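All chains should be modelled from the sequences, with the hints used to inform the complete structure.
From first to last, the protein sequence lines are chains A and B. Numbering of the first sequence is given in the UniProt record's numbering, commencing with residue 1 and proceeding in unit increments. Numbering of the second sequence is given in the UniProt record's numbering, commencing with residue 1 and proceeding in unit increments.
Among these hints, one or two may not hold up.
[What the hints assert, rightly or not] DMTMM-like, lysine to aspartate or glutamate: derived pairs with alpha carbons at most 25 Å apart:
#	chain 1	residue 1	chain 2	residue 2
1	A	LYS122	A	GLU154
2	B	LYS27	A	GLU146
3	B	LYS27	B	GLU215
4	A	LYS464	A	GLU416
5	A	LYS99	A	GLU228
6	B	LYS2	A	GLU136
7	B	LYS2	A	GLU219
8	A	LYS35	A	ASP520
9	B	LYS2	A	ASP78
10	A	LYS122	A	ASP78
11	B	LYS2	A	ASP737
12	B	LYS187	A	ASP686
13	A	LYS122	A	GLU147
14	B	LYS27	A	ASP143
[Unchecked claim] What follows is a list of derived Cβ distance ranges for each label pair:
#	chain 1	residue 1	chain 2	residue 2	range
15	B	ALA16	A	VAL558	57 to 63 Å
16	B	ASP233	A	GLY49	50 to 56 Å
17	A	GLY92	B	THR158	55 to 61 Å
18	A	ARG229	B	PRO37	38 to 44 Å
Derived from the structure by calculation, the hints contain no laboratory data. Here the structure is a predicted model, which means the values were calculated and not measured. For glycine and all other residues, C-beta sits at the position ideal for the given N, C-alpha and C.
Listed here are the chains, written in short residue letters.
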Amino acid sequence: MSAPNGVLNGADSVADHPAAGSPSTRGVGAPVRRKEDARLLEGRGRFIGDMRFPGQLEAAFYRSPIAHGRIRAIHIPDHLRGRAFTHADMAGPAGGGVKDILARTGLPGFRVSAQPALAAEKVRFAGEPVVMVLAESRAEAEDLVEEIEVVFEELPANHDILGAVAPGAALIHEDWPENVFLVSQAERNFEASRAMLDAAPVKVTRTVRTARQCMAPLEGKGCIALFERHVEQLTLWTSTQMPHIVRSGLAECLGLEERRIRVVAPDVGGGFGWKGLLQPEEVCCAWAALRLDRPVKWLEDRREHLIAAANCREHHYVMTAWADAQGRILGLDARAHVDAGAYSVYPFSACLEGAQVVSNLPGPYDIPAYRCTALSVCSNKPPIVPYRGVARTGVCTAIEFMVEAVARAAGLDPVEVRLRNLVRPEQMPFRSITGKDFDMGDYPESLRRAREMIGEAAVRARQKASEAKGETARETDARRIGLGYAVYCEQGAHGTSVYHGWGIPMVPGFEQCGARMTPDGTLEIRVGNQSHGQSMETTLAQIACEILGLDPERVNVVHGDTALTPYSTGTWGSRSAVMAGGAVASACEAMAERLKGIGAHLLQAPRDAVRIEAAQVVGPQGSVSFREIAHTFYRAPQNLPADADPGGLDLVAGYRPTVDTGTFSYASHAAVVAVTPATGEVEILDYVIVEDGGVLINPMVVDGQIYGGTAQGIGTALYEEMTYDANGQPLASTFADYLLPGAGEMPPVRIAHMQTPSPNTRFGQKGIGEGGAIAPPAAIGNAINDALAGLGVEVTTCPMTPRRLREALAGAGSAP
Amino acid sequence: MKAARFDYHRPADLTAALTGLGAAGGKPLSGGQSLGPMLNLRLARPAALVDVGRLAELRRVEERADGVLYGAAITHAEIEDGAVPDPTGGILPAIASGIAYRAVRNRGTMGGSLAHADPAADWPTTLAALGAIIHLTALTGPRESRVPDLIRGAFDTTLEEGEIISGIFVPRLSPDARWGYRKSCRKVGEFAEAMAAVLIDPPRNIARLVIGATETRHLVLEGRDIEDSAVLDAALAGIGIAADPARARLFRAVVADALSAAQTSHVSA
Numbered sequence: 001m002s003a004p005n006g007v008l009n010g011a012d013s014v015a016d017h018p019a020a021g022s023p024s025t026r027g028v029g030a031p032v033r034r035k036e037d038a039r040l041l042e043g044r045g046r047f048i049g050d051m052r053f054p055g056q057l058e059a060a061f062y063r064s065p066i067a068h069g070r071i072r073a074i075h076i077p078d079h080l081r082g083r084a085f086t087h088a089d090m091a092g093p094a095g096g097g098v099k100d101i102l103a104r105t106g107l108p109g110f111r112v113s114a115q116p117a118l119a120a121e122k123v124r125f126a127g128e129p130v131v132m133v134l135a136e137s138r139a140e141a142e143d144l145v146e147e148i149e150v151v152f153e154e155l156p157a158n159h160d161i162l163g164a165v166a167p168g169a170a171l172i173h174e175d176w177p178e179n180v181f182l183v184s185q186a187e188r189n190f191e192a193s194r195a196m197l198d199a200a201p202v203k204v205t206r207t208v209r210t211a212r213q214c215m216a217p218l219e220g221k222g223c224i225a226l227f228e229r230h231v232e233q234l235t236l237w238t239s240t241q242m243p244h245i246v247r248s249g250l251a252e253c254l255g256l257e258e259r260r261i262r263v264v265a266p267d268v269g270g271g272f273g274w275k276g277l278l279q280p281e282e283v284c285c286a287w288a289a290l291r292l293d294r295p296v297k298w299l300e301d302r303r304e305h306l307i308a309a310a311n312c313r314e315h316h317y318v319m320t321a322w323a324d325a326q327g328r329i330l331g332l333d334a335r336a337h338v339d340a341g342a343y344s345v346y347p348f349s350a351c352l353e354g355a356q357v358v359s360n361l362p363g364p365y366d367i368p369a370y371r372c373t374a375l376s377v378c379s380n381k382p383p384i385v386p387y388r389g390v391a392r393t394g395v396c397t398a399i400e401f402m403v404e405a406v407a408r409a410a411g412l413d414p415v416e417v418r419l420r421n422l423v424r425p426e427q428m429p430f431r432s433i434t435g436k437d438f439d440m441g442d443y444p445e446s447l448r449r450a451r452e453m454i455g456e457a458a459v460r461a462r463q464k465a466s467e468a469k470g471e472t473a474r475e476t477d478a479r480r481i482g483l484g485y486a487v488y489c490e491q492g493a494h495g496t497s498v499y500h501g502w503g504i505p506m507v508p509g510f511e512q513c514g515a516r517m518t519p520d521g522t523l524e525i526r527v528g529n530q531s532h533g534q535s536m537e538t539t540l541a542q543i544a545c546e547i548l549g550l551d552p553e554r555v556n557v558v559h560g561d562t563a564l565t566p567y568s569t570g571t572w573g574s575r576s577a578v579m580a581g582g583a584v585a586s587a588c589e590a591m592a593e594r595l596k597g598i599g600a601h602l603l604q605a606p607r608d609a610v611r612i613e614a615a616q617v618v619g620p621q622g623s624v625s626f627r628e629i630a631h632t633f634y635r636a637p638q639n640l641p642a643d644a645d646p647g648g649l650d651l652v653a654g655y656r657p658t659v660d661t662g663t664f665s666y667a668s669h670a671a672v673v674a675v676t677p678a679t680g681e682v683e684i685l686d687y688v689i690v691e692d693g694g695v696l697i698n699p700m701v702v703d704g705q706i707y708g709g710t711a712q713g714i715g716t717a718l719y720e721e722m723t724y725d726a727n728g729q730p731l732a733s734t735f736a737d738y739l740l741p742g743a744g745e746m747p748p749v750r751i752a753h754m755q756t757p758s759p760n761t762r763f764g765q766k767g768i769g770e771g772g773a774i775a776p777p778a779a780i781g782n783a784i785n786d787a788l789a790g791l792g793v794e795v796t797t798c799p800m801t802p803r804r805l806r807e808a809l810a811g812a813g814s815a816p
Numbered sequence: 001m002k003a004a005r006f007d008y009h010r011p012a013d014l015t016a017a018l019t020g021l022g023a024a025g026g027k028p029l030s031g032g033q034s035l036g037p038m039l040n041l042r043l044a045r046p047a048a049l050v051d052v053g054r055l056a057e058l059r060r061v062e063e064r065a066d067g068v069l070y071g072a073a074i075t076h077a078e079i080e081d082g083a084v085p086d087p088t089g090g091i092l093p094a095i096a097s098g099i100a101y102r103a104v105r106n107r108g109t110m111g112g113s114l115a116h117a118d119p120a121a122d123w124p125t126t127l128a129a130l131g132a133i134i135h136l137t138a139l140t141g142p143r144e145s146r147v148p149d150l151i152r153g154a155f156d157t158t159l160e161e162g163e164i165i166s167g168i169f170v171p172r173l174s175p176d177a178r179w180g181y182r183k184s185c186r187k188v189g190e191f192a193e194a195m196a197a198v199l200i201d202p203p204r205n206i207a208r209l210v211i212g213a214t215e216t217r218h219l220v221l222e223g224r225d226i227e228d229s230a231v232l233d234a235a236l237a238g239i240g241i242a243a244d245p246a247r248a249r250l251f252r253a254v255v256a257d258a259l260s261a262a263q264t265s266h267v268s269a
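And the structure:
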């Protein structure tokens with residue numbers, strides 16, 4: 001214990017070490033167990049659904065039953081006055097003039113869609129909120145919703161990605177000339193290469209589609225708004241990835257100063273992008289809480305989630321590639337459509353996906369001539385939201401199907417074709433044809449290792465055996481084996497230089513961290529992003545441990561609360577390990593200097609003669625623990641000199657990478673599948689990932705991220721599909737209709753790591769959060785097509801369902 | 001979604017339950033694994049639920065020389081776990097273990113599955129193939145029915161107002177009986193897209209193929225018909241499946257697999 005007078009003696013200091021594991025082995029690179037698991041696994045977490053405030057009302061929404069129409073009348077029974085609210089109530093003068101959600105971009109030609117929190121004169125997708133109804137319970141609110149009648153004049157619905165831009169399509173935003181948010185284009189050396197391409201020996205054209213999906217985090221969206229009279233502040237508890245962005249957007253809609261709003265994310269059960277938005281329902285609840293002076297809660301149910309909300313991924317590509325006889329790709333031409341839905345979402349806009357298609361389609365390949373046009377199509381479906389991997393899942397599927405097609409047309413081994421086209425390590429750092437700055441890595445090596453790990457030779461032998469069996473045995477008994485690969489690179493943590501050009505409502509820049517040493521020498525670090533599965537309560541504490549030698553168990557990571565944390569754009573774009581991690585390191589380094597200043601005084605040593613080691617300041621003779629230093633500063637300041645730094649042990653420090661164009665983690669995926677031609681059933685027999693995430697702050701956490709992403713990628717490949725009928729009605733409203741992969745569908749996934757440090761980040765770490773979800777549709781799809789190649793079938797539509805495979809097989813004349 | 005308002009009754013005995021069901025709008029609740037979601041989606045809006053899942057009369061199991069009579073409220077899990085006798089040499093536990101997920105099996109009941117009459121559920125196809133006899137009870141008295149007579153279409157039964165399934169009698173199979181069962185599901189635990197059950201029990205003179213997941217009534221073929229692809233095609237055409245070649249392909253494959261399994265797999269009753 002510290003002596004009461006603050007006179008210190010190293011031998012008296014309280015041990016900073018826990019019973020197990022020394023801090024030196026719990027810093028960067030250590031597979032530290034997740035600190036948050038005990039809370040979450042024992043049911044001690046607190047999610048929006050667990051929260052209830054006195055006097056709370058619950059909201060249910062009358063949602064548009066049609067996809068496209070004009071609202072002619074809204075009939076609300078008299079007894080619901082004061083409980084049921086429409087756009088007119090909110091946007092009118094009596095309601096304070098709530099503004100529409102506006103997510104502009106600065107991109108030339110972008111068409112702005114104003115999204116009212118409640119539909120105004122038109123409804124633009126089935127499920128769009130029209131009337132908010134409040135009651136003491138959700139069940140009662142749903143009862144009351146049934147009493148509301150809305151008269152619509154129905155308009156033709158744009159349910160199809162291509163139909164929405166066909167001549168004569170009904171206009172969704174009637175002041176636009178066509179249902180297109182933005183046309184994104186790139187032309188690099190393409191026209192100049194025309195003659196050369198025309199003479200190329202290999203030319204392949206393919207159409208590739210990925211389905212509209214729903215993100216389906218374990219926890220849906222939810223929020224509770226309450227006006228806290230004593231501080232005259234609106235507090236929005238909400239299941240969000242980006243509390244500071246939600247605050248800015250909410251302030252803009254409600255016309256409040258930002259100091260009057262606090263946004264808090266409690267435990268959040270997965271986000272994947274769905275919780276990276278300002279939602280209309282958040283605006284409604286906040287408005288109602290202010291108006292009624294009662295807490296107002298909305299908890300998205302799964303039906304709302306599926307039909308009215310978290311849509312993503314729907315791409316359509318027509319591509320042509322030219323190659324020489326060795327499979328070297330000479331040029332790529334693509335026309336893509338992204339179904340962006342009815343509105344531009346805040347803050348990412350309707351165009352992030354489409355523009356990223358253009359900038360990412362060449363992927364990790366060095367393609368010398370490129371042309372791409374991508375239309376961000378407006379349709380009568382829920383707005384598209386950037387889901388884990390954003391455009392890259394579709395892009396990777398598209399380019400990898402093309403690479404495979406080139407190999408098939410040229411009669412070459414697909415791995416060899418990839419090796420001939422991948423950016424090579426000696427080209428790094430490499431500026432891609434679309435201007436992406438690949439930081440470092442050996443892409444071909446990851447593919448070679450994946451080929452070795454999957455055991456290609458053995459798989460090929462097994463494949464031959466299965467094909468022979470198919471010829472002799474009853475076909476229903478025969479399964480065909482297929483092997484497929486995919487390679488991608490994933491830009492993460494890209495900052496100002498990338499985003500300012502977009503002109504969207506947020507531009508990531510400097511990331512900050514607050515660090516506060518408590519009087520007992522433990523540490524609080526405060527970050528403005530939000531951890532909802534990324535394990536940041538553990539990994540950021542490991543970074544503090546790396547700098548200060550303080551055990552992660554003695555570091556609290558505070559996140560997700562605008563009142564407690566510095567501004568941040570939040571958790572998205574695989575940025576937190578790099579950006580928040582960098583900020584934590586900066587803050588801990590600044591804290592180290594403060595600690596050294598006090599410690600040197602207490603040790604009576606020159607300032608430059610002390611160092612930090614294992615949560616102590618160590619001098620030439622003796623050491624003093626953080627606990628004793630903190631105790632002295634806070635509780636025995638009489639022991640400090642008059643010129644001691646009054647800033648003390650509480651500070652904010654910031655970080656920005658030297659180069660902010662992003663880290664590029666990358667991976668090669670390899671899949672072995674068995675396909676039953678008679679039924680179209682697919683089983684994934686083996687799955688291998690060779691990943692380079694730079695320096696891994698916690699390899700166990702990285703593996704967890706990869707497993708989770710891969711499960712979602714398998715969903716894209718084989719299961720997930722939100723379909724609509726010709727009237728724009730969603731055809732899946734429960735998980736019986738919208739299939740997600742479950743534990744039974746997860747193959748054993750084998751992961752190997754390469755660790756090429758990024759030269760641009762604090763520890764050489766790279767963003768890896770999304771990668772697992774990028775490559776599986778391509779790898780699995782290529783494996784399925786490899787299995788069915790002998791039957792003359794190639795499927796290029798995701799998900800590759802048994803039905804799609806059977807249709808293709810029947811079309812190819814394969815006997816049933 | 002939250003269920004619309006309903007009254008909940010838990011009667012003490014079967015007579016009280018039948019009386020309660022006679023009241024306007026009463027609907028029996030057994031395991032609730034299909035009815036529960038339908039209530040929450042407000043697709044079912046009964047004025048009252050009469051909980052029959054705990055009635056002693058529906059929880060009885062009676063083993064006889066020629067088979068076993070199960071109370072309708074015996075759960076899938078009880079069958080899976082061997083907690084009740086099995087006259088089929090392992091067929092019933094195997095089928096039960098493939099129904100949805102364990103959480104569903106813990107509560108879902110055989111009688112409830114039959115009454116719900118989802119054509120893609122496991123019990124209707126299985127029990128039709130096994131020749132089970134369904135015991136029905138009403139205040140007016142009991143009656144018996146075979147599965148193909150009870151289930152006349154998707155979610156459509158011949159149950160009368162105020163009548164419930166009280167028991168399921170499953171005949172004992174011969175030691176030489178052979179069985180094949182195949183369902184094609186998009187993922188583990190999902191309802192099947194196509195399913196077929198084959199029972200060949202020569203001493204009892206049974207060769208029966210039942211096809212489920214049809215979206216209408218089950219297809220039942222007997223005797224030599226079960227191996228006759230022309231008969232199968234005509235039957236598939238009769239319920240509209242042949243018009244969809246990709247779907248017909250799956251049914252033909254599933255039937256072929258079930259027949260193939262029945263060639264080799266002897267039950268050991």
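- Item | Index of numbered hints that the structure contradicts, given in increasing order | none
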